[in-house]
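Listed here are the chains, written in short residue letters.
Protein chains: 4
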Amino acid sequence: MNHNSNDTQAVKLTGEDVAQHNSKDSCWVIVHGRAYDVTDFLPEHPGGSKIILKYAGKDATEEFEPIHPPDTLDKYLDKSKHMGEVDMGTVQQEVKEEDPDEHDRQDRVKRMPILEQCYNLMDFEAVARRVMKKTAWAYYSSGADDEITLRENHSAFHKIWFRPRILVDVEKVDTSTTMLGTKVDIPFYVTATALGKLGHPEGEVVLTKGAKKHNVIQMIPTLASCSFDEICDAREADQVQWLQLYVNKDRAVTKRIVEHAEKRGCKGLFITVDAPQLGRREKDMRSKFADIGSNVQSSTGDDVDRSQGAARAISSFIDPSLSWKDIPWFLSITKMPILLKGVQCVEDVLRAVEAGVHGVVLSNHGGRQLDFARSGIEVLAEVMPVLRERGWQDRIEIYIDGGVRRATDIIKAVCLGAKGVGIGRPFLYAMSAYGGPGVDRAMQLLKDEMEMNMRLIGASDVSQLNPSMLDTRGLSMHTATVPTDTLGLNVYDPLVGPKEKAKL
Amino acid sequence: MNHNSNDTQAVKLTGEDVAQHNSKDSCWVIVHGRAYDVTDFLPEHPGGSKIILKYAGKDATEEFEPIHPPDTLDKYLDKSKHMGEVDMGTVQQEVKEEDPDEHDRQDRVKRMPILEQCYNLMDFEAVARRVMKKTAWAYYSSGADDEITLRENHSAFHKIWFRPRILVDVEKVDTSTTMLGTKVDIPFYVTATALGKLGHPEGEVVLTKGAKKHNVIQMIPTLASCSFDEICDAREADQVQWLQLYVNKDRAVTKRIVEHAEKRGCKGLFITVDAPQLGRREKDMRSKFADIGSNVQSSTGDDVDRSQGAARAISSFIDPSLSWKDIPWFLSITKMPILLKGVQCVEDVLRAVEAGVHGVVLSNHGGRQLDFARSGIEVLAEVMPVLRERGWQDRIEIYIDGGVRRATDIIKAVCLGAKGVGIGRPFLYAMSAYGGPGVDRAMQLLKDEMEMNMRLIGASDVSQLNPSMLDTRGLSMHTATVPTDTLGLNVYDPLVGPKEKAKL
Amino acid sequence: MNHNSNDTQAVKLTGEDVAQHNSKDSCWVIVHGRAYDVTDFLPEHPGGSKIILKYAGKDATEEFEPIHPPDTLDKYLDKSKHMGEVDMGTVQQEVKEEDPDEHDRQDRVKRMPILEQCYNLMDFEAVARRVMKKTAWAYYSSGADDEITLRENHSAFHKIWFRPRILVDVEKVDTSTTMLGTKVDIPFYVTATALGKLGHPEGEVVLTKGAKKHNVIQMIPTLASCSFDEICDAREADQVQWLQLYVNKDRAVTKRIVEHAEKRGCKGLFITVDAPQLGRREKDMRSKFADIGSNVQSSTGDDVDRSQGAARAISSFIDPSLSWKDIPWFLSITKMPILLKGVQCVEDVLRAVEAGVHGVVLSNHGGRQLDFARSGIEVLAEVMPVLRERGWQDRIEIYIDGGVRRATDIIKAVCLGAKGVGIGRPFLYAMSAYGGPGVDRAMQLLKDEMEMNMRLIGASDVSQLNPSMLDTRGLSMHTATVPTDTLGLNVYDPLVGPKEKAKL
Amino acid sequence: MNHNSNDTQAVKLTGEDVAQHNSKDSCWVIVHGRAYDVTDFLPEHPGGSKIILKYAGKDATEEFEPIHPPDTLDKYLDKSKHMGEVDMGTVQQEVKEEDPDEHDRQDRVKRMPILEQCYNLMDFEAVARRVMKKTAWAYYSSGADDEITLRENHSAFHKIWFRPRILVDVEKVDTSTTMLGTKVDIPFYVTATALGKLGHPEGEVVLTKGAKKHNVIQMIPTLASCSFDEICDAREADQVQWLQLYVNKDRAVTKRIVEHAEKRGCKGLFITVDAPQLGRREKDMRSKFADIGSNVQSSTGDDVDRSQGAARAISSFIDPSLSWKDIPWFLSITKMPILLKGVQCVEDVLRAVEAGVHGVVLSNHGGRQLDFARSGIEVLAEVMPVLRERGWQDRIEIYIDGGVRRATDIIKAVCLGAKGVGIGRPFLYAMSAYGGPGVDRAMQLLKDEMEMNMRLIGASDVSQLNPSMLDTRGLSMHTATVPTDTLGLNVYDPLVGPKEKAKL
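Chains as they are written, first to last, in the UniProt record's numbering: chain A, 1 to 504; chain B, 1 to 504; chain C, 1 to 504; chain D, 1 to 504.
None of these hints come from the bench; they were simulated from the model. Predicted, not measured: the structure shown is a model, and the values here were computed from it. Mixed in with the good hints, there may be bad ones.
Stated by the list, open to error - In the DSS-like style, the derived pairs of lysine-lysine whose C-alpha atoms are separated by at most 27 Å in a straight line are:
id, chain 1, residue 1, chain 2, residue 2
1, C, K501, D, K134
2, A, K197, A, K172
3, D, K75, D, K12
4, A, K501, B, K133
5, B, K447, A, K499
6, B, K501, D, K133
7, D, K197, B, K133
8, D, K501, A, K134
9, D, K283, B, K501
10, B, K501, D, K75
11, B, K499, D, K501
12, D, K325, C, K172
13, D, K213, D, K499
14, A, K134, D, K499
15, A, K283, D, K12
16, B, K499, D, K283
Turn these sequences into a full structure, and let the hints steer you where they fit.
The following block contains the structure:
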């Protein structure tokens with residue numbers, strides 16, 4: 001975050017100076033009042049060169065901001081390309097076309113329900129969907145392929161029913177537990193999600209503050225909009241954070257990141273293992289297409305390349321060759337407990353135990369990677385009996401994420417044997433709609449639900465939650481009914497209640 | 001019900017006298033033509049002080065009426081706070097804002113179907129939904145969280161199918177049975193439901209009369225709008241009532257209530273064990289918010305506190321520490337048979353037998369407490385085989401409630417082994433829409449259905465109903481289908497029948 | 001059918017003569033140009049006295065016609081009450097109120113699709129629903145209670161899937177079979193359904209002609225609109241008919257009917273055993289209410305009585321005490337094979353074999369009696385393995401009815417072991433919409449489907465159809481999914497395909 | 001393709017010459033500028049004579065083109081009936097009535113999304129549905145009876161879920177495999193589908209080119225719009241094609257076709273065994289009716305005959321007597337590997353192995369033949385364990401087709417043991433909407449999905465795909481839920497999220 005590195009320059013650049021570098025042969029852009037020469041960087045840009053060229057010679061701050069941590073230009077662009085401050089008064093204001101969608105959105109923002117009208121985590125999603133920018137909403141909400149897994153993640157919880165116990169003294173209910181040795185108020189953590197600034201200008205640090213207030217752990221994402229250090233800096237004294245890691249092909253880079261995180265006090269390293277390639281999320285792709293559609297109408301071939309390019313670019317950063325043989329090395333470079341995030345069947349959990357890691361997150365990446373991957377909660381129900389049979393249930397900590405929306409979901413996971421659950425999107429939606437207070441209320445609602453529902457299930461303590469309190473017989477049946485009899489439905493008169501008298 | 005306690009006062013208060021006490025420092029309200037000083041009571045009010053302050057210095061009768069039994073002020077407010085009669089002619093009439101919703105509702109009331117158009121219990125619900133005040137409807141109809149259990153309660157009956165017997169002489173069909181020794185016409189009782197005056201100005205006594213007419217038992221609710229004694233007084237000579245009990249932290253209060261009920265002739269004590277804390281019902285909360293929304297728009301923080309406050313207040317009245325160790329004490333203070341209402345798994349039924357109680361109600365509180373609690377009928381199917389295996393089936397009486405809408409539902413429960421079923425909301429809806437005649441017709445419809453369906457299943461007597469008459473294989477499968485293939489549905493042309501000729 | 005019994009009277013009555021008898025003290029009605037004194041009959045009328053009094057002193061032909069066989073008045077009304085011919089020119093024409101519903105219906109009749117646009121049996125239902133009178137449609141289409149069984153009947157076939165065989169020589173496909181010794185073209189018969197004239201002025205004889213044309217058997221209903229003899233008379237030389245029988249309390253009447261049927265050549269006696277009381281069909285009741293609603297608005301109590309009265313009246317005709325002990329008597333009074341229609345579980349099929357009857361129809365009365373009775377096809381799948389285990393499969397003939405709409409449905413039943421299936425409503429709909437040609441086409445469509453689908457399943461002969469050609473694993477699972485997650489659905493954006501360019 | 005056979009004729013016919021032959025007694029039609037006398041052919045025309053007579057004496061090119069391969073007239077019409085070239089300038093232009101549907105369609109064509117907006121195979125279907133002619137769409141998209149199997153084909157894949165493996169080195173992913181010895185890029189082939197010119201004027205050769213570009217195999221359909229030789233000619237050097245064969249009653253014809261195909265280089269012979277008679281597809285029939293409806297309004301009887309006639313005509317071409325005893329003969333007349341296309345249960349697969357064929361395609365003909373036939377993928381799950389048990393899994397190659405829309409579907413089939421899958425309709429839709437580039441993009445999308453999803457499931461090579469990577473427990477459950485509780489749904493208020501503020 002060294003925006004001031006060229007401050008010594010006496011003379012500011014003018015808008016006209018920059019505007020001359022408006023082609024792929026010489027491409028400057030303005031970000032936060034400074035000009036950068038990105039000509040050589042164009043072919044390397046993970047998002048493709050086109051999106052940069054759209055701002056060649058212009059101010060790109062608005063587009064740049066939510067997608068990139070503020071230290072990006074310092075980190076990835078040589079200082080020699082930092083061309084200095086720009087006198088922003090001389091930069092021509094782009095006259096934006098009236099966007100009717102945006103106009104409607106602004107209207108919806110004005111009519112937003114007040115925060116107190118949100119009674120559960122779904123409510124934040126309902127509001128966010130109406131008030132977020134379409135592309136931001138699409139990025140957060142989209143999943144892989146037909147989004148079957150995305151929805152199954154929540155739906156799976158609906159297949160688990162309770163067998164509550166009565167006449168248990170539940171005057172005092174203690175929802176707290178520990179995660180990797182850290183005492184937390186309630187068995188959830190804020191899991192890693194990318195690009196927080198799409199939803200809120202302050203990005204992930206809003207979640208840091210919410211996590212502190214409710215004494216839960218935040219997992220810092222590799223692909224945050226804020227820089228790693230900003231998120232660490234936002235932490236209060238004894239607050240605990242974990243690091244989510246996409247492993248870089250260049251292990252030196254990976255090592256540097258891990259060591260830095262440990263130095264900055266991170267208490268757990270969660271290696272993402274379900275994303276050798278980032279998934280195709282068609283809702284997101286469609287939304288982006290619409291966004292820049294007017295500029296690319298003529299060149300039909302371009303779009304294929306661009307999406308391909310993005311995939312390749314990301315593949316070149318995340319290492320698809322990561323394998324079990326790398327685990328010993330990770331164990332050698334850090335003292336942080338190491339957990340594998342994205343394990344999806346019991347065979348791999350057993351292997352993880354044997355490999356000596358400290359835990360796993362049963363997860364399908366929020367339904368954003370492989371469609372028809374099973375939900376974390378279902379895999380949990382497969383995993384725990386096998387672990388218990390071998391007496392291995394205490395050799396690692398098991399977490400799940402995906403689809404958690406209610407405290408009853410958390411209780412179900414803990415009953416089955418999870419130490420806790422990760423929650424991602426709901427907090428993003430709360431943050432996007434209402435900022436910090438939204439996150440605060442979302443967490444408080446979960447706590448209220450947790451306390452009440454532990455009472456109602458007959459447990460005064462998290463340790464009392466156990467598998468006999470659940471009926472999971474319907475959980476693992478992935479079936480669909482026979483396709484609808486459309487002709488038959490067509491001729492059936494549904495029953496209706498009594499008819500009102502005619503209006504006079 | 002001692003409204004006349006201050007009648008000796010010669011001089012009536014004027015509206016202006018009362019109007020001066022319109023703040024939290026001095027807060028008087030008028031109820032039924034009398035003024036009360038509730039200043040000191042404000043912080044203790046379970047519904048929060050705000051709702052009272054809204055009426056500070058004014059007539060609160062209309063708001064007070066449906067929520068509180070008439071003896072509330074006598075019981076809970078010291079006589080010194082009873083400020084005397086008010087000359088109602090001097091009280092300024094509040095000019096109510098035109099409420100378009102209410103206007104529409106009045107229109108719907110005018111167009112109500114006549115009673116004879118209701119052919120089943122669902123029909124009353126259809127009418128009630130249209131003609132009840134929104135908040136009253138929301139209170140009655142709401143359930144916990146996502147209302148999954150609320151709906152599962154009825155849906156569970158749909159998973160049980162009949163295996164009827166033919167060529168049985170069913171010329172005479174006897175639907176009568178006994179419950180705790182009382183002979184009743186048909187195996188249902190009117191279960192306890194709160195706040196009857198929300199639906200009808202006379203409240204629970206309307207149900208007392210209906211129960212008498214059809215010779216079924218009424219269970220008197222702790223949280224009735226009418227006072228306990230009013231409901232007892234409405235009873236006819238040999239009519240039987242039971243008492244539903246929320247156990248108070250102060251066992252002396254509880255003892256007093258139980259002894260009073262026994263003295264007044266109650267024949268059964270049903271201790272609610274599924275409500276250590278009253279559930280969150282979001283539909284109800286949303287409706288209340290809307291109701292007083294205009295007054296609280298500015299203070300966003302208030303709402304959280306208020307709902308919290310209500311939860312706490314109710315928790316301080318109902319004892320969340322109630323446990324198995326209390327059962328012997330209950331058995332010692334009354335000769336009434338004792339039943340546990342809200343048992344939800346076979347383990348607890350076995351324990352209830354061992355504890356020596358006389359029966360259990362398998363219930364999830366009408367889906368208003370723990371979402372994803374199983375239906376009573378499903379728990380019944382789990383319980384009875386275990387009891388029979390141990391030869392314990394006659395040691396207690398088993399009842400269920402929740403979701404009963406048809407006589408076939410009653411038959412299913414009795415076939416499985418229940419002595420009878422409790423029915424709550426349907427009678428509230430019948431009463432709310434059509435008053436006493438509605439309740440009468442609702443009960444008569446059940447009797448007609450019962451007689452006919454016993455004929456059709458081939459049983460001339462309740463004792464002939466048995467498990468071999470049912471196919472329950474689909475009952476306990478809590479599954480959901482794979483999430484919809486939205487893209488696929490999007491491109492599939494449903495079949496349609498032959499097309500009409502074009503209109504000329 | 002002795003309309004001419006009073007023809008010798010020289011002087012005709014005038015409309016004015018009849019109009020004077022317009023009260024319950026003296027009530028005459030005109031039917032087909034003759035006057036009848038029905039005063040004493042009023043309290044006995046199964047449909048209640050009210051409906052007759054509506055026509056007191058007037059011409060009731062239009063209302064009378066579809067509900068009563070033409071010999072009704074001769075059979076049930078003493079000749080002394082036949083008051084003679086009426087000069088219809090002197091009878092005042094009732095000016096009918098303009099009925100907007102009827103106007104719309106007439107418009108739909110004009111726009112009816114031509115017959116060739118009906119490609120399957122559902123299509124006739126689609127047309128009939130639009131062009132039939134509302135009350136007639138309601139009578140035909142309604143079922144018991146929530147109409148769950150009504151729909152399950154067809155839906156059950158959807159749970160049975162094929163395991164077709166390939167490379168079987170199917171050049172010639174023979175769909176014929178025998179039923180009770182009669183050779184028929186295809187394994188279905190026209191089952192008994194009541195009140196054919198509601199759908200078509202000629203009533204059941206339309207079906208007689210269709211059955212002849214396609215060489216299938218017609219089962220004559222007890223409650224036909226045509227008289228039994230009319231339906232027999234409509235039969236051609238070697239055509240075979242069966243009789244469906246509701247057993248009368250007066251066994252002498254029953255005996256007379258059976259003997260008459262045998263004399264007239266009926267080849268099978270199907271005793272209805274699933275209707276000790278006729279079911280409540282709410283759609284039908286609602287439609288009737290609407291029909292005469294304007295006349296009864298004031299007297300709310302009447303309707304209850306009337307429906308009760310109808311139930312009682314019908315109960316007094318059909319004998320609810322009919323039981324297994326009556327079977328030997330039936331076997332003694334006729335040489336016709338005797339079959340029980342409406343058997344619903346394997347225990348009763350075994351008992352039927354032991355009782356010595358010649359067959360059973362596994363049926364739930366088209367879903368019109370007991371809701372949640374299982375479908376005939378499902379009961380068949382329960383019955384046949386047990387019969388085969390005992391070697392009893394050839395001791396009786398098994399039929400099913402209910403929900404058959406496709407030749408594949410017939411094939412499924414025959415594969416499982418049925419001799420054939422009864423089809424009722426579809427032919428009523430075909431007849432109601434298109435008369436005789438409709439029935440003809442409906443039957444031809446079934447034949448075409450049958451031949452084709454036998455080819456496709458790899459059977460050239462009905463005898464080759466066998467259980468290994470089916471997958472019935474999903475058949476007996478009466479389950480419902482977890483209730484919908486309405487909040488969740490509320491916030492999920494379904495996927496959509498590519499968006500069209502904006503309209504210019 | 002000998003259009004020039006009469007070119008030596010000096011004088012061209014005039015439109016008037018042809019117009020005189022406009023009845024069934026003398027019927028000439030013009031096709032591609034030449035006149036043909038089809039009088040004697042009328043009764044033999046598989047599509048019925050009516051459709052030809054509509055064009056008697058006129059230019060029939062537009063109607064003829066998509067339905068018939070160009071060599072049809074040469075093959076089936078004696079040269080003596082080729083009446084010579086027509087001076088098209090003298091042929092009267094038919095003034096077409098303005099067709100509002102066609103007008104709307106043209107408008108939709110103008111607004112077609114650009115190709116890059118198609119992100120998956122369903123998207124092409126979405127576009128094709130909007131821009132294809134109604135009759136063409138109906139022909140491609142329709143299925144048998146209620147189209148239950150049609151939809152089940154895709155739906156079945158949704159019941160199979162993944163058990164992906166993590167930490168497998170998937171840097172390089174190889175999606176290639178072999179089919180009947182041919183190396184292909186990805187385990188799918190373009191399966192045979194009829195009448196390609198309905199969708200695109202160039203017909204099946206568009207698919208030939210696409211298959212070449214992506215190195216996959218094309219199966220040439222018997223009922224192509226292009227002639228067999230045209231499709232062979234379109235092949236590039238080392239490209240591989242297979243032949244799909246409907247077996248003709250005249251085995252000499254069949255032999256000639258097979259020998260010709262082998263000579264032209266076909267590498268596999270797929271004998272269709274699921275179509276002894278072509279299925280009734282009602283959507284298709286309805287669409288055709290509408291198309292020519294105005295001409296046949298008066299003659300209601302005609303339509304029945306016509307459809308019957310078509311069925312008979314096709315039956316006389318395809319041999320319904322084809323049986324297992326014919327297999328040795330096929331093996332004797334060709335060296336091409338022989339596969340049976342349309343096998344539907346394990347018993348027939350075993351018999352196929354014993355009969356010595358080289359493979360089978362588990363298929364239900366795209367849901368166009370027998371409704372309630374199971375999906376190929378489900379039959380595959382039934383077949384493979386039995387084959388493996390016998391050690392026969394390598395004695396034949398197993399393919400499936402039907403419902404494949406995603407690379408995950410392909411992966412599922414290969415995991416279960418298929419060598420590959422056939423894909424038909426999706427490429428027709430891509431071709432119909434976007435021509436060659438559409439087919440290209442569709443195939444490329446599958447390749448992209450395949451590579452990505454193999455990475456995500458943890459397989460770098462097709463040979464690593466195995467059954468342990470799947471959860472198929474829900475696959476074979478053909479069940480439907482209990483019919484909807486329509487009355488209940490009617491009275492339930494679905495939950496809704498927070499309400500927006502009122503619009504000002």
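Item checked: Pair hint outcome, D/K75 versus D/K12 [Cα-Cα no greater than 27 Å] -> Given pair D/K75, D/K12 holds - Cα atoms ~23 Å apart, limit 27 Å.
Note to self: Does D/K75 sit within 27 Å of B/K501, going by the straight-line distance between their CA atoms?
What the structure shows: Roughly 41 Å between the alpha carbons, so the hint for B/K501 and D/K75 is violated.
Margin query: Can you confirm whether the C-alpha distance between B/K501 and D/K133 stays at or below 27 Å?
Written below: holds (21 Å)
Next item on the list: Mind checking the alpha carbons of D/K197 and B/K133 for me, to see if they're no more than 27 Å apart?
Entry: This hinted pair is violated, its Cα atoms lying about 63 Å apart.
Notebook entry, point to check: CA of B/K499 to CA of D/K501, is that 27 Å or under?
Noted result: violated (44 Å)
Notebook entry, point to check: Holds or violated: are the alpha carbons of D/K213 and D/K499 at most 27 Å from each other?
Noted result: Answer violated: D/K213 to D/K499 is near 54 Å, above 27 Å.
Checklist line | Given pair status - D/K499, A/K134, alpha carbons within 27 Å | finding: Cα-Cα ~20 Å, so holds.
Check: Has the given pair, A/K501 with B/K133, been kept, meaning a C-alpha gap of at most 27 Å?
Finding: Between A/K501 and B/K133 the Cα gap is close to 19 Å, so the pair holds against 27 Å.
Notebook entry, point to check: Regarding the pair D/K283 and B/K501, is the alpha-carbon distance no greater than 27 Å?
Noted result: The hint holds at about 17 Å.
Note to self: With the threshold set at 27 Å, check whether the alpha-carbon distance from D/K325 to C/K172 stays at or below it.
What the structure shows: holds (17 Å)
Notebook entry, point to check: Quick one, are A/K283 and D/K12 close enough, alpha carbons at most 27 Å?
Noted result: Violated. A/K283 to D/K12 sits at ~60 Å, over the 27 Å cutoff.
Next item on the list: For the pair we were handed, D/K501 and A/K134, check the Cα-Cα distance against 27 Å.
Entry: holds (21 Å)
Hint check: violations occur at hints 2, 7, 10, 11, 13 and 15; the rest are consistent with the structure.
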